[in-house]
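> Chain order of the listed sequences is C and B. With this note's numbering applied, the first sequence corresponds to residues 1 to 421, in that order. With this note's numbering applied, the second sequence corresponds to residues 1 to 1156, in that order.
Since the hints were derived computationally from the structure, they do not count as laboratory data. Each residue gets a CB set at the ideal place from its N, CA and C atoms; glycine is no exception. Mixed in with the good hints, there may be bad ones.
[As the list claims (entries may be wrong)] Residues from chain C shown here face chain B by an in silico Cβ test under 10 Å; the list is partial:
1) Gly32
2) Glu48
3) Phe73
4) Ala150
5) Thr189
6) Ala334
7) Asn349
8) Glu368
9) Arg377
10) Ile403
11) Arg404
12) Leu414
[As the list claims (entries may be wrong)] Distance ranges between label pairs, derived from CB positions:
13) C:Gly239 with B:Gly196: 54 to 60 Å
14) C:Arg50 with B:Ala206: 36 to 42 Å
15) C:Arg50 with B:Ser943: 35 to 41 Å
16) C:Thr296 with B:Gly196: 40 to 46 Å
17) C:Arg50 with B:Glu911: 49 to 55 Å
18) B:Gly1048 with C:Gly394: 22 to 28 Å
19) B:Ala206 with C:Gly394: 35 to 41 Å
20) C:Gly85 with B:Gly196: 41 to 47 Å
21) B:Gly196 with C:Val177: 37 to 43 Å
22) C:Gly85 with B:Gly247: 51 to 57 Å
23) C:Gly85 with B:Glu901: 54 to 60 Å
24) C:Glu383 with B:Glu1068: 27 to 33 Å
25) C:Thr296 with B:Ala388: 54 to 60 Å
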Amino acid sequence: MAYRFVHTADLHLDSPLRSLALRDDALASLIGGATRDALRRIVDLCLEERVDALFIAGDLYDGDQTSMKTARFLVEQLGRLNGAGIRVFIIRGNHDAMSKITRELTLPASVKVFGSKAEAITIERGPGQIPVAVHGLSFRDPMAPQSLLAQYRPPVQGAINIGLLHTSLGGSRGHDVYAPSSPAELSGTGFRYWALGHIHKRSVIEGACTIVMPGIPQGRDINEAGPKSASLVSIADDGTVRVEERFTALAEFARLSVDLAGVADQRGVLDAVERTLIQARNAMKADHLVTRIELTGETPLAYGLRADADLYENDIAARAGQLGNCWIDSMTIACLQPGEQQGEAGAANELARLIRQDAHHSESYRVEIARIAADLRGELPAECRTIFGDGDAGLAVLVDEAIRDGTEIAIARLSVIGGAE
Amino acid sequence: MRLQRFYLTRYGHFTDFVLDFGEKLPDRPDFHLIYGPNEAGKSTAFSGYLDLLYGIPRNSRYDFRHGEGTMQVAADLAFRDGIRHFQRVKKLRDSLLDRAGKILPEQAILSELGGVTRDQYKQMFVLDNESLESGGNSILESRSDLGQLLFSATSGLGGINQHIAKLHEEADELYRKRASKTAIAEAKRAIAELDGEIRKIDTSSAAYAALVEARDKAERCHQEALKAQSLARSGLDLAHRQGRAMGLLAEWQTLRSAIAKDDGAAALTEALVERVLALEPQRITLEARASELAREIADCQTERDAIAQDEAALSIADKHGSLHQLRGRHAASREDLPKRRSACDEALLDLKGIIQQVGLPPDTPPETVPLPFALTSELRTLMGQRNALDAKRELHLREAQRAERELEDAEITSPGLSGPALDEETASALETMLETLREAGITARLHGLQREVRREETRTDRAMEALLPWRGDGNALRGMFAPEEATVQQLRHQRDNAATACENARRELDELSRKRDGAAAATHAITTDTGLLSDADKSAIRQARDAAWERHRRALDAATAEAFEVVMRQDDAAGAAQLGHAQRSAELARLRQEVLAADILLGPARDRASATQGALQNADAKIAALIGGISPEFPPGFGIPELTQWLQRRSAAVEVLARLDDLRRDLAEAEQDERAAIKRMVAALEKAGLAAPNVASLDALMQSIRTIVSASRDALQYRRKLDRCRIDIERWRAAIVEINDDLSKWQGRWEHLLSTCWLGRLASALPPADVQKILDIIEPAPGIIAKWQEAQHRITAMEQDDAAFRVALVELAHGLGINPDRFTTDQLDQHLQERIAKAQSARERHDDAERRLDRALGLQQELGLAQSDFHAKTDDILAELAVPDLPAALAAVEAGRRRAELEHRARDIEEKLLAELHVADIETATQALGGLDEAGLAVNIASFEAQLQDSDADVPAAFAAFREARRNLDAVGGDDAVARLRAHRRTKLIEIEALARRYLALQAGAIATERALRQFRDQHRSTMLQSASEAFSIISRGAYAGLATQPGHGGEVLVTVDAGGGSKLASELSTGTRFQLYLALRIAGYREFTAIHPSVPFIADDILETFDNDRTSETLRLLSDLAHVGQVICFTHHTHVCDLARDVAPSVQIHTLVSK
């Protein structure tokens, strides 16, 4: 009989979602607890599929998580598995290493949290079935610049060996290096399955050794866009591994681009956005879709869109609301005004040209804006100052962005006062 | 680009209206005035022009006459590379066409406009009262900022400053340093509040650990209390049970002995007891039932025999019932038949009416009235065609009449065509000449010079008067001796020097005399005061003393001695005085010295004084000689200063004279020019075959030529109009002939069609109106005929049904012996129905009695069997109990029941006893209770009760403590309250990020716009200021010299400079002057545009309405001047504006919009 388990990682319980869409109280109440919901769904999956075990390969919480309520919630959910006789194997990830909250909890009897010394737990199964050996190692420190593989126990002979490891693999954008390892090294251990965690994007390598990075089960911002899942794994006695992806997210983030070429009125804009939203909503794997919309294409509305971006965003949010389960994180406008390039005559066009030239070439202008930015930085809460990046380079990026957006808004508004007469 | 010819083909109330601006003539302003009274369609024409360039908007106001598909404007536009024809129709796309109707891209026009949009065109190249007003206001709002003003003037866009201010305002709403009402400040406050809430409800891991420990301790305490309580409770329980067991054992023993005594009673089975007790009730029931059945059987027999039967009626029941269909139809026809008959009559009446109305013979069968569809259809088509033909013919006739009327009107109202008819070339040549002359400004110069000469003559007179008392004419003045300025100055110097020297010498003499006199007076005063002697006196005394001594030594007598003594005393006194007044004596000596020195100097000083006096007199004599040489009329006392002033006045007078001479020369030249110009004009006129008018001045000559040219153009236009009218008349007349032909063809077909039906028989060639009427009348006929025939058919069918029903009923009545003739059909049917119903009812009651009788007899039989069974059963039971009768059996049953109850109670108590002591049998129980007595048990119970009371108090307290600790721990809970607050907090943080970015962008946008505006200012300042300055000076008629700039708040501001050199901020001007300034700026803006881009027509829409004549003239002059750089089209509804325009710009072309 096959050994079946669910593999997940990087739950980051109670780590808040980052989206301006959550300014809407209705949405905040719907998806504010999405990371919890993902765990609930994973536990439901274990119960429905009557699996043998749940593997959690690190990062139960964010490192700065201090609320015992979060840990209590975890215990409640693990208690459900305990009640159904499903075992749970957990290793601590870099974030957990920083967290103090698990230590105070009594976990149910069926939960195994690996310590900082490598262990191999052998699970004897029914007569005639091959036993399963689960290898794991937790790290006490939030940093692990060296590979941890050498510390793992050798494979148990005559058993199916499964390893749990929190690793950044070869390193990935947006993730610090943590217990680096390569697929080749992992394959070399002789384990049948490596249950990895740490990187939030899903990846699966199948072969003599199946290596799975399940990805975060609930994306937390637009940079973690797309469907999110856990893995339902089954290892047959002959060693055949089958990995199924099961979707777990309550809310899914998506970047959508809407081409407004040929659209000439406000209603057309809303219709085009609605079409794209419907398409995306039909394709989504979660219950709610949170989108960042980029408007593109050449349209006579480009200036109007930029000048009244907030009004348009409100209308689009209202349309999304009518569709149901669709929400707008933010909207950017990359549309071109027809003739914007060729309209060379006239003072308004000349002023627009001067504005753009100044924005691109004037050092004194940049210095002035940078000074305003620096003043502002000093007044913001410490956590917000990160938007200014590190030091002067970060400030420069922000200033560039402000200049680009601000000048386009000014030009658009200028054309709108002209057009309104 | 310029507008050469503009066609309002079908637009607003215009149809085929053309505005011809003609070709641009070199060296002439391209200046056009479109005159149209109110409602003539100036706004329509202007809108049509913009629609031509940019398309007719979907919701155009000008589609009231020519609808959606037919609106059209067209134009010949002069592009850089030649003339092109464009047509514009009203369509969503592909609305721009060339002459052949081929679709053109919008870019075909737009590229020539430099990508300027419709809105931009209106802002930049169109001026109306509204834009002037808002422009004037924008000057006010700009606070004179030069950059904003120049931008506003070139773009036509006001409000740039509000635009910038709005960006700043929006940014300020997001963030302001130290402000508490901004969006960012509010978000920060919200974060602080959330932090507080999180702190309030969250539990940290350390606090949690303490809670766990407290709970564990309370749990241990609770467990211990529970244990003590349990021990006490079980001891007490045992003692109680033992006590209760002792009582039960005694009772059990009593019962056992009672059972042993009652040994005789037999124990009966339960079943037997039940059977015995059931016998008596069964007997009673059986007897009652038997008597009831006997009574029922007798009743049923009596009832059955009393009912009589009607067999004949029953035999026809089925037949009568089968008539229901006929009966139904009979009932329906009773209702329906009268209606059908009246409908039939009505239809026939209607048809007769139609036949009569159309004039057919009354006996005409109605079926022949309707006409075939194909025929009526064609008739109707022909009628429609006829209407169209008539309408068209009517229209053509009207148009022809209109054209004729127009021609007549034109002929009647012909302008005085007495004037010469000039060809275009000659007219243009004359105009060019007029323009050249105007530009040469001969007349203006002449008049100017005449004015100047008069002014200079007056000045000359005044200058000559200023020379009095000298008298003489210009020549005398110029010829007279006038000393050089240098000579006069030299003389004045000499005299001044002499006077100074003389004065100095006198002053010196005075000074010396004063000093000497002072010293002498002081000497006298000292000697008088002190008795000090002068050196001579002292020396005289000494000599006298020495002489007296000599005398005495020689004499040595008393007399000499006395004499010596006197002298000696004198000398002593002098010496004593000298000693006593040593200081005064020294001063006296100095004063005496001064007097002496003054006396020495006085002599030469007197000599110098007299010498300088002589020199002064000499100089005065020279001056007098000079003045006398100029004129003897100068009064005495006329010195050098007066002479100098007089000489200056003379120079001025000489200058004025010279200027007058120059002016007179210029005037002569100008007069010569005028004569030459007149000669040229006359020559030109003669060349054109025109008699030169007899006029005195060039002005008058130009005016009369202008009149000639204008009249000639009017005549030309008039002739064109006549031609057009004639062409129109021809066209319409030809169209009428054509339509008459169509009408006669139509008539042929019409008559043929009529002849194919009864219409042809009614009259020869019925007119369409009559046929229409007939067709309308017979239109309902087919429907009525169908209705009529249907009614006839229905009536026949109903009558047949009624007859069949009657026949069937009569037959049935005969069977029952009834005379049917006494009844109507309905009555007969009713009668039969009642008879049958009665018979059926009797039969039913009879059958029912019969059935009940049978059932009662059956039941009586069954009862007999049951009674036999009962007797057998009773006998069996009595035998079993071995008793003789039923009462004896009941007594035996009662005795058995009593014994069974005693045994049951004994067993019950035994069970309870064993249960109390937890033992298996009575013997063991008896042993267990063997050693106990009641007193010992009571002591045990008291002891255990005390222990239990104590622990009962402890347990709840321990449990409460435990429960509290557990509740505290559970209160932490796994809920997501904190997580949700943190999520909310995170949202607030990213909201702040978004606000911060937005704030920066808005600031960047506002600042970039301000900077760009400054650059715009710097790039356009010099050229625009110059031309705006000139324009402003012109339009203000010189009240303002021009414009200048000065540093102002945050940049440079525009100031106006008035004729007196005073300056004022642009925003401080009066409303009217601000409009003028705005106009000047706009004109400069247009010049600026055309300096870089190809020009486009500049439109001024009735802007002169509120201007007085002077200002209107200046504005027209300005526009005419502007027309050198681009086409200027000016709409007006004032004729006087046309006159003024002709004055300031003779070559202006005036077009008239025809009133509706």
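> With 54 to 60 Å as the target window, see if C:Gly85 and B:Glu901 comply at their CB atoms.
holds (58 Å)
> Holds or violated: is the Cβ of C:Gly32 closer than 10 Å to a Cβ in chain B?
Where the cut-off is 10 Å and the nearest Cβ of chain B is about 5 Å from C:Gly32, the hint holds.
> Assuming the hint says 36 to 42 Å, is it satisfied by the Cβ distance from C:Arg50 to B:Ala206 or not?
holds (39 Å)
> Is the distance from the Cβ of C:Gly239 to the Cβ of B:Gly196 consistent with 54 to 60 Å?
holds (57 Å)
> Would the hint on C:Thr189 stand, with a C-beta cut-off of 10 Å toward chain B?
The hint is violated - C:Thr189 has no Cβ within 10 Å of chain B, the shortest such distance being about 35 Å.
> Within 54 to 60 Å or not, the Cβ separation of C:Thr296 and B:Ala388?
At 55 Å between Cβs, range holds.
> Within 27 to 33 Å or not, the Cβ separation of C:Glu383 and B:Glu1068?
Between C:Glu383 and B:Glu1068, where Cβ atoms are some 52 Å apart, the hint is violated.
> Taking the CB of C:Arg50 and the CB of B:Ser943, does the distance hold inside 35 to 41 Å?
violated (59 Å)
> Hold the hint about C:Ile403 up to the distance rule: shortest CB distance to chain B must be less than 10 Å.
It holds, given that the least Cβ distance between C:Ile403 and chain B is near 5 Å, below 10 Å.
> Range hint 37 to 43 Å: satisfied by the CB atoms of B:Gly196 and C:Val177?
holds (38 Å)
> I want to verify a distance hint. Is the separation of the beta carbons of B:Gly1048 and C:Gly394 within 22 to 28 Å?
With a Cβ separation near 39 Å, B:Gly1048 and C:Gly394 fall outside 22 to 28 Å, so the hint is violated.
> Under 10 Å is the threshold here; is the Cβ of C:Asn349 close enough to any Cβ of chain B for the hint to stand?
holds (7 Å)
In terms of the numbered hints stated before, the structure departs from hints 2, 4, 5, 6, 15, 18, 24, listed from lowest to highest.
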